[in-house]
Amino acid sequence: MAERKLRVMVAKPGLDGHDRGARVLARCFRDAGFEVIYTGCHQTPEQIAAAAIQEDVDLVGLSCLSGAHRYLFPAVKKQLVERGADDIMVIGGGIIPDQDFQYLYDNGIKAIFTPGATLDSIVEWINNNVKPRE
Amino acid sequence: MYFAAEVLEKSSVLRQKWEDEVRRVIAKNPDQKPDHLWSTVSDLKIKRLYGPEDIKDMDFERDIGYPGQFPFLRGNQVTGYRGKYWTFRMFSGMGDAKTTNARWHLLLKEGQTGLSTAFDFPTLMGYDTDSPKARGECGKCGVAIDTLEDFLTLVDGIPLDRVTTSMTINPPATALWAMYCAAADLKGIPLTKIGGTIQNDMLKEFIAQKTLMCPPEPSVKLISDTVEFGTKYVPKWNTISISGYHIREAGSTAVQELAFTLRDGMEYVEDVIRRKGLDVDSFAPRLSFFFNSHIDFFEEIAKMRAARRIWAKAMRDRYKAKDPRSWWMRFHTQTAGCSLTAQQPYNNVIRTATEALAAVLGGTQSLHTNSLDEVLCLPSDHAVQIALRTQQIIAEETGVANTIDPLAGSYFVEALTNEMEEKAWEYIHKIDEMGGMIAAIEKGFPQLEIADAAYKFQRQIDAGEKIMIGVNKYVSEVQEPIPLVEIDDRVEIEQIERLNAVRRKRDNKAVKRCLEDLKNACKKGENVMPYCIEAVKNLASVQEICDVYREVYGEYRDPGLY
Amino acid sequence: MEKVKKIKAGDVRTASRLIRNLEDGVKEARSTIKHLFPLTGKAQVVGITGSPGAGKSTLVDGLVEQFRKRGKTVGVLAVDPTSPFTGGAILGDRIRMQRHAEDSGVFVRSLATRGALGGLAKAVGDAIHVMDVMGMDVILVETVGTGQQEVDIINHSHTVLVVLIPGMGDEIQAIKAGIMEIADVFVINKADREGSSKLRREIMAMLDMAPPETFASGWRPPIVRVENAFEPDSFGKSMEELTDTIAKHHEHLVAKDLLGSRIRRKAAVELHEAIRSCVLEPILNHLVAEGEIEGMIQKLMDKKTDPYTLAEEVARRFLKEGV
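In order, the protein sequences belong to chains A, B and C. First residue of the first sequence: 1, per this note's numbering; consecutive thereafter. First residue of the second sequence: 1, per this note's numbering; consecutive thereafter. First residue of the third sequence: 1, per this note's numbering; consecutive thereafter.
Quick caveat, the hints were computed from the structure, so don't treat them as lab data. There could be a bad hint or two in this list.
Claimed, not checked - Here are the simulated EDC-like cross-link-like pairs (lysine to aspartate or glutamate), alpha carbons at most 16 Å apart as the crow flies:
#1 B:LYS537 with B:ASP517
#2 C:LYS27 with A:GLU3
#3 A:LYS5 with C:GLU231
#4 B:LYS33 with B:ASP20
#5 B:LYS523 with C:ASP233
#6 C:LYS72 with C:ASP24
#7 B:LYS443 with C:GLU194
#8 A:LYS110 with A:ASP100
#9 A:LYS131 with C:ASP103
#10 B:LYS133 with A:GLU46
#11 B:LYS519 with B:ASP547
#12 B:LYS523 with C:ASP24
#13 B:LYS456 with A:ASP100
Generate the whole structure from the sequences, applying the supplied hints.
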């Protein structure tokens, strides 16, 4: 059997178009040997969940800088669960104050990365916490 | 030649001596880091020393001159900042119109001299607060405006004929500017008396910020409509603020910011001349620019000085403008959001102060200073006050405003200015060859150049080749908490209630008629502004107007180049 | 089998998981394909190839819209290159198709080449079967678009679109890459650009020069001009025309009884692939796992033997009946 490849989706939910971080991450994940599906900007939670399932990804990484993460991140997780894909892990990043972390964890977001997180630290976290599915 | 031959000769001898000495010293005490790491934040290599040789080819009259004279390297204003400081213009907007109005009154009381509006994402993208696409976004990073009623609340008690207002709005610029015009009208202020700026720069949205609605071609058409309308009826209004800020925030280098912004400006000039048949001197003096002031002090100063000189040359020689005011580049500056860190946030005050100082030494006409907490949330009252005070200290305590363009003649600053200009022209010519900025955008050229630069920078940060204090050096384990501003989710519910109330009470037949008229105007290629003003007066919403554009011109989806 | 049932019922989760397992070479996935194979053969497969920047994804997005308007369900397989340095890939084609994400009649799946040459991923053939059994009426396969020898697409498609754009020297590239011969339909994309009529003339001239038996069945590849995607009205009209042309080509294949030969071609390729993966690969894997390969290479380097002798030895050892 060939090796299992990690498939990761990088998505931008909501109306915010600041995609610098998302695009830098997409490149970084490619360079880490992952297969990266990038959705582009301006996605609804429903679109992201549907795409994640069609692509059978192991992980969805969300980026939001507009302050709407408290609504958008849990909404993506909820959509995945409703579609029977609660095994797809969701992480998030962007302008997210510490005080919102717990709320996001409680709503199924596994990890939060804010400005200052190094690319290597994100890749390391993924390698330690996400296994390609069996 | 800039120097007499004897000076260069003497310099060459002394320079040789110095270089020998340098070699001797570094053989014993090597530099702290290798040569290539002594570079700007944009990775432009900087030499250990600059001297007369580096600027010997400059021509005083052609390249330097005096303030208020071509090529405007030394500034537009003949009196510099002695006549008037730059405008202290803090970008603000949060929650609903009432909350933002209160913030505005506070800022004016604290000595701010111009207003600047941040809208929330639904407004920026041309959606009403109750659109399914707008869920969770209302008031989060700016003020929510759905109809003229909200707008009137926003400007309540603001003397529209005395305070200038800048509005950071792009795809729905026609709708929001129409609201400003309508508000003035309702207050009995003639359009000739109101002043301000709409950002209204779509090209940089395609390139960098991705606040998108219609394809490039009709987007530029709508912009030319506003230029024409302003030229004829609202002469004190800046109808475009050609913006490099967002290009830089998207990760570009300083040179890319400079080149892409100025080439965008040229694209607008060409479009207005071609499409509207206006004489270049009739509208060019009202074009304004907007730059980022990043953390690399001298690079930013050089960028701003080079920008003025490039624009002057382009307007005079490329577009044959005759009015010296068409040659001027007037610009607003904002300190770099992307240079701030969530770690050790109080350090951001120092970063912002340094960047603000560079903007002033670069000769800005107007300035926003970021608040220390903006990397975490909307700025608090206290943080905004520190940011505003930063500008006031620079203006009134440091003495840097005493004299005009104090860094002129510095070997280093002039050489760097020349280098920025040269590299910018290379990009500009390349884009010319592609058939202009719209064609270049369709090819993905500026987008990919920026993406490359952003990725490279991030890698350099990760490798410790570029330093961000608190992020990859002098990291502290303890995070000092700062008070954060939060926008309550109730704002969204209340805003939707207000919107529904307007829909119930307005004359819906009249709204429909106005929108139908607007649609016909779009189809016929007429100027949309008069129709927009009529529509907003009848309480048509931002989305209703934008839906007309989306229907007629089509909706643009970002190709998401990576 | 439970999985087959689910895939027949159009279950996206099961289907996408199966495609994933096929890509990863999971043994159990192969046995599922055995059950699916008899059920395949209903979908119409359209291949889309052309150089990078030709606008293939935008075209696929437009075709999805057209087929949906005509009441057809659509599967899309979009292939992007794997980085030879890191083994990773950015699969970005679907960005342009995301507006269909929520339409249950559309299933978009991105694949990475993972070292496969020829413009496709190895799993494409099987992925087509999976989408076919799911009940997708039309399956659009978008090749990598590296401008290389992307001719594998013809082995999987009923109709091949070759997409060119004016002013890029595209026609020359395409001729070099050998993709002109595989076209059933030429698309001149971004046809409002300068050089569009020149490109059209060049394609016509090339078709005129082809030996007469090339179009013996009566189908000479038509050239469809597609207007700038930024002009919604004219783009929509172009896409209608393109969809009609695809339909006409399919009718032609049926009327002239040519569908069989295309299907035969696919079957032959699949058989080759299957033999390779069931016979050759296990032997190679075994030799690698046992460390034998290294010894054999050393022997070659020492000039103690030659590759053919070694290969014949291997054949004698593993294959009961010599070839």
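Hint by hint, here is what the structure shows:
1. B:LYS537 with B:ASP517: holds, 14 Å
2. C:LYS27 with A:GLU3: holds, 12 Å
3. A:LYS5 with C:GLU231: violated, 40 Å
4. B:LYS33 with B:ASP20: violated, 20 Å
5. B:LYS523 with C:ASP233: Given pair B:LYS523, C:ASP233 holds - Cα atoms ~12 Å apart, limit 16 Å.
6. C:LYS72 with C:ASP24: At roughly 30 Å apart (the allowed maximum being 16 Å), C:ASP24 and C:LYS72 break the hint.
7. B:LYS443 with C:GLU194: holds, 15 Å
8. A:LYS110 with A:ASP100: It holds: about 13 Å lies between the C-alpha atoms, which stays within 16 Å.
9. A:LYS131 with C:ASP103: violated, 30 Å
10. B:LYS133 with A:GLU46: holds, 11 Å
11. B:LYS519 with B:ASP547: holds, 10 Å
12. B:LYS523 with C:ASP24: Given pair B:LYS523, C:ASP24 is violated - Cα atoms ~53 Å apart, limit 16 Å.
13. B:LYS456 with A:ASP100: Roughly 31 Å separates the two Cα atoms, so the pair is violated.
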